[in-house]
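First to last, the sequence lines map onto chains A and B.
Residues in the first sequence are numbered from 995 upward in steps of one, following the working numbering.
Residues in the second sequence are numbered from 995 upward in steps of one, following the working numbering.
Just so you know, the hints here were simulated from the structure itself, not pulled from any lab data.
Among the hints, a few may not be true.
[Said to hold, decoys possible] With the C-beta cut set under 8 Å, the calculated list includes, among others, these residues of chain A facing chain B: (1) Ala1252; (2) Glu1449; (3) Leu1452.
[Stated by the list, open to error] For lysine-lysine, the following DSBU-like pairs were computed, each having C-alpha atoms within a straight-line distance of at most 30 Å: (4) B:Lys1415 - A:Lys1395; (5) A:Lys1444 - B:Lys1055; (6) B:Lys1382 - A:Lys1395; (7) A:Lys1055 - A:Lys1320; (8) A:Lys1175 - B:Lys1320; (9) A:Lys1444 - B:Lys1444; (10) B:Lys1385 - A:Lys1175; (11) A:Lys1415 - B:Lys1386; (12) B:Lys1395 - A:Lys1444; (13) B:Lys1386 - A:Lys1385; (14) B:Lys1175 - A:Lys1320; (15) A:Lys1466 - B:Lys1385; (16) B:Lys1385 - A:Lys1386; (17) B:Lys1385 - A:Lys1385; (18) B:Lys1386 - A:Lys1395; (19) B:Lys1175 - A:Lys1385; (20) B:Lys1268 - B:Lys1062; (21) A:Lys1386 - B:Lys1150; (22) A:Lys1382 - B:Lys1395; (23) A:Lys1395 - B:Lys1117.
Predicted model only: the values in this text are computed from it and were never measured.
Cβ atoms here follow ideal geometry from the backbone N, Cα and C, with glycine treated the same way.
Number of protein chains: 2
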Amino acid sequence: MILIILCILSKTQKYSTHNVMKKILALLLVTVSIQAFSQSDEEMIRNIYDEILSNGEAYQKLEYLTTKIGGRLAGSPQAAAAVDYTKEVMEDYEFDNVFLQEVMVPHWVRGDKEIGRIVNSKKQGTVQVDVTALGNSVGTGPKGVVGRVVEVQNFKELAKLGKAGVEGKIVFFNRPLDPTKINTFEAYGGAGNQRGAGPSEAAKYGAIGVVVRSLASGIDDIPHTGSTRYALNLPKLPAVAISTMDAELLSNLLVDDADLSFYFETYGEMKEDKLSYNVIGEIKGSEFPDEYVIVGGHLDSWDLAQGAHDDGTGCVQSIEVLRALKAIGYQPKRTLRAVMFMNEENGLRGGRKYAELAEENKERHIAAMESDRGGFTPLGFSLDMNDKHVKKIQSWAPLFKPYQIAMFEPGGGGADISPLKPQEVPLIGFVPDSQRYFDYHHTTIDTFDKVNKRELELGAAAMASLIYLIDKYGL
Amino acid sequence: MILIILCILSKTQKYSTHNVMKKILALLLVTVSIQAFSQSDEEMIRNIYDEILSNGEAYQKLEYLTTKIGGRLAGSPQAAAAVDYTKEVMEDYEFDNVFLQEVMVPHWVRGDKEIGRIVNSKKQGTVQVDVTALGNSVGTGPKGVVGRVVEVQNFKELAKLGKAGVEGKIVFFNRPLDPTKINTFEAYGGAGNQRGAGPSEAAKYGAIGVVVRSLASGIDDIPHTGSTRYALNLPKLPAVAISTMDAELLSNLLVDDADLSFYFETYGEMKEDKLSYNVIGEIKGSEFPDEYVIVGGHLDSWDLAQGAHDDGTGCVQSIEVLRALKAIGYQPKRTLRAVMFMNEENGLRGGRKYAELAEENKERHIAAMESDRGGFTPLGFSLDMNDKHVKKIQSWAPLFKPYQIAMFEPGGGGADISPLKPQEVPLIGFVPDSQRYFDYHHTTIDTFDKVNKRELELGAAAMASLIYLIDKYGL
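For reference, chain A alone in the conformation it holds in the complex:
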């Protein structure tokens, strides 16, 4: 299209054919230089895929991390075990350097039991409801909290009700994920503030507790946890999520039964910060050892289940990237790091610490990639960087076509790598298919059996291929 315009322009502006020719040649050169890769890259990427699809170890490492260690919320014994385990795995792979970064993390514990019920409903009397406390939330203790329920879809509706409509009540945030969004992360983003900021918004108007519709893609019977953030100077309300199915039930019962109440009892408690670690394995660069290309996931997970797709897969994929490049005998020019970040779920302390130390140690980061959207079939990458860098990465797209990787679009990188942004590090989010992610996210069913070996491996192979190209050509 550019050329068409150029041709037309050159004609209308009565350029000489000589000039037109020069411009065409210049453009041809640009075209050639944009496709800055060679046949050896095709072969290398084929090698990467063959290695990972034939001899991949990510799946078996994930099995251990999820089924032997399990849920690993920051500060928990399981999180400590995961630190030890991934360090050992990378040491066994004989990466050049495996080390820990100390980081103080918040230490929230859920407590032993969680109880919820709809009470006094005209149609159904008392109905037991599975609840899960929102991460970081305060518990009710054995007295529980009980109150009439006021249902809202969003903060605007809440504000409209004001103190008169909300005081002394339990606020029920019931905005579903928009099913018409193709990318479920967009739908999640559109509903997420109910959980993150809902409790403090409700506190402004004197509510006594909060019930949030789970941030799930569909209608199911599992409550989804996730962190809430209390605003300063407002009462900290106890808050729980209920399943989308129970949210529909509660909403239906409320239609002509405004007097029903909701009771819940939780025992969440924020303890003192605890020492934990980011875990880093690296392969030293042969030409530019002081330049870093990193790939990571977060090692912590919610406590409810095994943290398989969130984010065990991202961790084992990141390790697999380095393992596979080493296994096929690739000598990186730059120093490659696999980084297991600690505490993404309820604090992001690990990501912040990593960026802080990178700055302190004047480590020049060429690029940072994160895998934290599940271990599903890869679609491509989301690029948070300047246009020049985006174009350079897009110029490699033909190399990925045989592997059904087509997405190289501007977009977000990832939570853990986001603190590197002020240092102008190009950030890359690994993007797998998103359709199943919010079925499992932050629930008891985010388990190893939900991960498909080939999907996990194809993701690792796509990640390794892009890391290889960035290492070889820079950005």
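Given chain A's structure and the hints, the job is docking chain B onto it.
Here is chain B on its own, set in the frame of chain A:
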């Protein structure tokens, strides 16, 4: 790129700038005419997606078909029930015309039990092994078949062994699917002849039975059935599949234990052909009622499980295409048909009958689409048609970009629509992500719970969008 070349050519051939300009304008016109769609198409496709993602009924219809009716091998009572059910569903949707096409189908029955074991193994003595008779295969009866085992990877190895190495033995075909193929259907294709033609190949050299490694993507403990085709004039050998895990075990035991035997007992029987039906629902075309655009799947499935991904999903998606277009008030120009083909699995009689009647009734088919690769996240379409038609469909690709549908490539259509090829009907295969398909394919675990609602719906929406464009613009 074409333009660049044209510019250069026109220069070197000393065309006048006037001529160059004319060519550019001509090419611009081509470009415009290639993008033969309008903003209203964008809106229509958005409507289709919104309707299916918000009000889709495919998932609930699939639940009934798979969990209430279950496995529906041609000739079985369940196949008859599936005919009744899908007819009723389409009648309830008030399609303009719902009718059956009579078709005589083979009627193979598995029998009540299947037994397998490795016997006399030095290391492990007798080992029970799950076996599943290959579809269409003869049973051994209560005497079973027992013999020493000769393992081969392919027919070439078998021929090399010849009568001397094979006679009186059980041939064990143990070629795995190639894990390095990105598209698992390619890997399946590369291993498929062991099951389809293996028993007759083994019969050529006097074998007494056949054991086939399951055509599965990974290592699991489930045997996968599927049809075999006996060649004329050769003994019909009983034949079973074993899981990939057991295939690995058997192969390992054989390494230094060539004397071990395998025993199996099956009761498969091919009975007399039975009357069954293709089920067809149609919405009449308003402008060209005698032109047909069809979309289908196959209603029969293997008997082992619920036939969810193979091919319950293809059936309910095809019905959903018509339901959704009707629901949003689209009046097709051409007659649209949803076709439930009978007997794809072990005979293809339904597909053949449909093509035969289409020819007999001089029905002009503009295009035929099939969904028979599972109900996973859609990638695009595989196009079996002439270049002109391929290019026309590819010109619509930008309309699909917001929906992450990027594949519009030449390739196979589908088994059931393939008999329409001699009538020069453009054939379209719906292509979903293939990674999980051969985990479930032809096994006891091809069940409803393996289907994700959104993935199923996104497939139906992609199919409906392409059917809409073909109806509107022709091919």
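Quick rundown of the hints versus the structure:
| no. | hint | in the structure |
| --- | --- | --- |
| 1 | Ala1252 | violated (28 Å) |
| 2 | Glu1449 | holds (5 Å) |
| 3 | Leu1452 | holds (7 Å) |
| 4 | B:Lys1415 - A:Lys1395 | holds (29 Å) |
| 5 | A:Lys1444 - B:Lys1055 | holds (24 Å) |
| 6 | B:Lys1382 - A:Lys1395 | holds (23 Å) |
| 7 | A:Lys1055 - A:Lys1320 | holds (17 Å) |
| 8 | A:Lys1175 - B:Lys1320 | holds (22 Å) |
| 9 | A:Lys1444 - B:Lys1444 | holds (10 Å) |
| 10 | B:Lys1385 - A:Lys1175 | holds (29 Å) |
| 11 | A:Lys1415 - B:Lys1386 | violated (44 Å) |
| 12 | B:Lys1395 - A:Lys1444 | holds (28 Å) |
| 13 | B:Lys1386 - A:Lys1385 | holds (29 Å) |
| 14 | B:Lys1175 - A:Lys1320 | holds (22 Å) |
| 15 | A:Lys1466 - B:Lys1385 | violated (37 Å) |
| 16 | B:Lys1385 - A:Lys1386 | holds (29 Å) |
| 17 | B:Lys1385 - A:Lys1385 | holds (27 Å) |
| 18 | B:Lys1386 - A:Lys1395 | holds (21 Å) |
| 19 | B:Lys1175 - A:Lys1385 | holds (29 Å) |
| 20 | B:Lys1268 - B:Lys1062 | holds (23 Å) |
| 21 | A:Lys1386 - B:Lys1150 | violated (48 Å) |
| 22 | A:Lys1382 - B:Lys1395 | holds (23 Å) |
| 23 | A:Lys1395 - B:Lys1117 | violated (47 Å) |
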